[in-house]
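Colleague: One letter stands for each residue in the lines below.
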Amino acid sequence: MIETRGLRKSFRSRAGRETKTVDAVRGVDLTVTEGEIFGFLGPNGAGKTTTLRMLATLIEPDGGEATVAGADLLKDPAEVRRRIGYVAQGGSTWDESTAREELVLQARMYGIGRAEANRRATRSLDAFQLSDYADRKCKTYSGGQRRRVEIALGIIHEPRIVFLDEPTTGLDPQSRAHMWDEIRRLRADGMTVFITTHYLDEADALCDRIAIMDNGEVVAEGTPTDLKREISGDVVLVGLDVATTPRAAELLDSEPYVNKLETADEGGVRLYVDEGATAIPQILRRIDHAGLELTSIELHRPSLDDVFLTKTGRSLRES
Amino acid sequence: MKLARDTWLIFERQLQLLLRNPVWVFVGIFQPVMYLLLFAPLLKPALNAPTQAEAYKIFVPGLLVLLAIFGGLFQGFGLIAELRAGVIERSRVTPISRLALLLGRSLRDVVSLLVQAVIITLLALLFDLRVFIGDLLLAYLLLALIALMTSAVSYGVALKVKSEDALAPLMNTVAQPVLLLSGILLPLTFAPGWLQGVANWNPFSWAVDGTRALFAGDLGDDKVWQGLAIIAVLAAAGVFWAARQFARSVR
Chain A
1 MIETRGLRKS FRSRAGRETK TVDAVRGVDL TVTEGEIFGF LGPNGAGKTT
51 TLRMLATLIE PDGGEATVAG ADLLKDPAEV RRRIGYVAQG GSTWDESTAR
101 EELVLQARMY GIGRAEANRR ATRSLDAFQL SDYADRKCKT YSGGQRRRVE
151 IALGIIHEPR IVFLDEPTTG LDPQSRAHMW DEIRRLRADG MTVFITTHYL
201 DEADALCDRI AIMDNGEVVA EGTPTDLKRE ISGDVVLVGL DVATTPRAAE
251 LLDSEPYVNK LETADEGGVR LYVDEGATAI PQILRRIDHA GLELTSIELH
301 RPSLDDVFLT KTGRSLRES
Chain B
320 MKLARDTWLI FERQLQLLLR NPVWVFVGIF QPVMYLLLFA PLLKPALNAP
370 TQAEAYKIFV PGLLVLLAIF GGLFQGFGLI AELRAGVIER SRVTPISRLA
420 LLLGRSLRDV VSLLVQAVII TLLALLFDLR VFIGDLLLAY LLLALIALMT
470 SAVSYGVALK VKSEDALAPL MNTVAQPVLL LSGILLPLTF APGWLQGVAN
520 WNPFSWAVDG TRALFAGDLG DDKVWQGLAI IAVLAAAGVF WAARQFARSV
570 R
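These protein sequence lines are chains A and B, in that order.
Following my numbering, the numbering of the first sequence begins with 1 at its first residue and continues without gaps.
Following my numbering, the numbering of the second sequence begins with 320 at its first residue and continues without gaps.
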């Protein structure tokens, strides 16, 4: 459904007299297959939105190639535009208009006739459970309702693929869960959904496949399960005070079941092991044997954050 | 065909939103009405006009051009609000014509200007202004072209600067000399030579002269076709430039 090779974009920004070139996206290769929910995970400023806006024809790539919904992005952006839907991050509804007016207008901007546009608006209001407030002004809607209107606007022309830029940012937990259901419903209807998110749990729970983006590049791509399996096994966090950490790290690093070890600045070590349940007793024994004091021990199933950490050396929570 | 349909679509939407809040049409004519009531009575003695009606024949055309210039130039503010709400981006992902995104909006502005112009003209009639209807309609055409140009330019600039804070001083800086150099308040026949020389380079000065000639009933006056031609060319250029801004990447 989407195939990109070396897609890139840089922006020139002026700070005072100096002109700086910022490479926002530096060569992205992606493959998104039909009917999946594909997630773009990464911290703010990683280049997710820029990539999405390129794929949605809103900004022109500097280089690379891409096919979106069967049309060539660089040679025939107009055709791409007809085949895709796009929902921006910052909202797209006008305070003084009603949801119904917005939907009819959007359908008509896609070239659909008036009668059909009205029918589609009604159907869409039903599907997104917006019928009760269809004729109220958008400014009276809650955040969740407004977001649903925006998604409805993005797919009013029944595209084969829809791009959702951070669809759940700023929503309360309940609206967020509701939005996930809506997105799964789109997939059930046969649509390919491409979302960006900086929420780990969202990428994990909602997406069939994800690409992790950092600093303008895709650093990992795969299903959440595969990516987590790739960093092999479990993570054990051993709490120690700063003074004993180096000694403990030295001891544990030589243990055969420890695949990888990282020390934390504030004390403690992070161990990557194949099987946490069998490693913990051995870790305890080793520490105890050396006469060192241990403040806590925790077992983590690896998360996407661990994947991000292994790939970039930083935690997504920090960045 | 597609352009006409798309333009109508945007025009219809914009007009609907305007009619939902028609108070803006009246806010727009508040200032000109104040000029008409509180400034114009000074003109008969100041211009040495034989009658009040003669003074109005000179002043009202200028006032209408003023209305068209300012009404258009400040439309960009509405567009910045739309940009911020994401409405423009939402339009730009659809295949709708980029020229239509501009024209639909500017035509709404032209219609709202013409409504204002009619109100001002009717008020002036109460003060004994008399003008032949054919000349008046041609004057309205000139006003429509001015509003089309100024609103298009205002939209184009709004898309470039993207913030009200930048747009307001910019528009004021442009509007002030344009206003003073067009002989809107007093005819430039009173101006010293150098000032007239500068004013000759101001297209709006030609527009004001043309409109005055029409109000005076001099359809054959060269100033009429000159004013129309200059403004028509500039309006086309303004629309062309602003439509390109809509086609470019805008956030």
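Incorrect hints may have been included.
[To be verified] With a cut-off of at most 25 Å between alpha-carbon atoms, the simulated SDA-like pairs for lysine to any residue come out as follows:
| no. | chain 1 | residue 1 | chain 2 | residue 2 |
| --- | --- | --- | --- | --- |
| 1 | A | K137 | B | K376 |
| 2 | B | K481 | A | G222 |
| 3 | B | K481 | A | M179 |
| 4 | A | K139 | A | R160 |
| 5 | B | K481 | A | K260 |
| 6 | B | K481 | A | T19 |
| 7 | B | K479 | B | L456 |
| 8 | A | K75 | B | P522 |
| 9 | A | K137 | B | A494 |
| 10 | B | K481 | A | D23 |
| 11 | A | K139 | B | K376 |
| 12 | B | K321 | A | G90 |
| 13 | B | K321 | A | D72 |
| 14 | A | K137 | B | N521 |
| 15 | A | K137 | B | A400 |
| 16 | B | K481 | A | D76 |
| 17 | A | K20 | B | T508 |
| 18 | B | K321 | A | P77 |
| 19 | B | K479 | A | S13 |
| 20 | A | K137 | B | I407 |
| 21 | A | K139 | B | L328 |
| 22 | A | K20 | B | A404 |
| 23 | B | K479 | A | D29 |
| 24 | A | K139 | B | L402 |
| 25 | A | K20 | A | M1 |
| 26 | A | K75 | B | P414 |
| 27 | A | K137 | B | P496 |
| 28 | A | K137 | B | A548 |
| 29 | A | K260 | A | V219 |
| 30 | B | K376 | B | K479 |
| 31 | A | K139 | B | A494 |
| 32 | B | K481 | B | L500 |
| 33 | B | K321 | A | L299 |
| 34 | A | K139 | B | P496 |
| 35 | A | K139 | B | G405 |
| 36 | A | K75 | A | M1 |
| 37 | A | K311 | A | S13 |
| 38 | A | K137 | A | M179 |
| 39 | B | K481 | A | E18 |
Rather than coming from a laboratory, the hints here were simulated on the basis of the structure.
Remember, predicted model here, so these are calculated numbers, not experimental data.
Colleague: Work down the list of hints and note, for each, if the structure agrees.
Modeller: Status of each hint after checking the structure:
no. : hint               : in the structure
1   : A:K137 with B:K376 : violated (45 Å)
2   : B:K481 with A:G222 : violated (39 Å)
3   : B:K481 with A:M179 : violated (31 Å)
4   : A:K139 with A:R160 : violated (30 Å)
5   : B:K481 with A:K260 : violated (50 Å)
6   : B:K481 with A:T19  : holds (20 Å)
7   : B:K479 with B:L456 : violated (35 Å)
8   : A:K75 with B:P522  : violated (42 Å)
9   : A:K137 with B:A494 : violated (35 Å)
10  : B:K481 with A:D23  : holds (23 Å)
11  : A:K139 with B:K376 : violated (47 Å)
12  : B:K321 with A:G90  : violated (30 Å)
13  : B:K321 with A:D72  : holds (24 Å)
14  : A:K137 with B:N521 : violated (44 Å)
15  : A:K137 with B:A400 : holds (16 Å)
16  : B:K481 with A:D76  : violated (28 Å)
17  : A:K20 with B:T508  : violated (53 Å)
18  : B:K321 with A:P77  : holds (18 Å)
19  : B:K479 with A:S13  : holds (15 Å)
20  : A:K137 with B:I407 : holds (18 Å)
21  : A:K139 with B:L328 : holds (23 Å)
22  : A:K20 with B:A404  : violated (29 Å)
23  : B:K479 with A:D29  : violated (32 Å)
24  : A:K139 with B:L402 : holds (16 Å)
25  : A:K20 with A:M1    : violated (35 Å)
26  : A:K75 with B:P414  : holds (15 Å)
27  : A:K137 with B:P496 : violated (41 Å)
28  : A:K137 with B:A548 : violated (44 Å)
29  : A:K260 with A:V219 : holds (20 Å)
30  : B:K376 with B:K479 : violated (39 Å)
31  : A:K139 with B:A494 : violated (34 Å)
32  : B:K481 with B:L500 : violated (28 Å)
33  : B:K321 with A:L299 : violated (63 Å)
34  : A:K139 with B:P496 : violated (40 Å)
35  : A:K139 with B:G405 : holds (14 Å)
36  : A:K75 with A:M1    : holds (17 Å)
37  : A:K311 with A:S13  : violated (29 Å)
38  : A:K137 with A:M179 : holds (21 Å)
39  : B:K481 with A:E18  : holds (22 Å)
Of the numbered hints stated above, those contradicted by the structure are hints 1, 2, 3, 4, 5, 7, 8, 9, 11, 12, 14, 16, 17, 22, 23, 25, 27, 28, 30, 31, 32, 33, 34 and 37, listed in ascending order.
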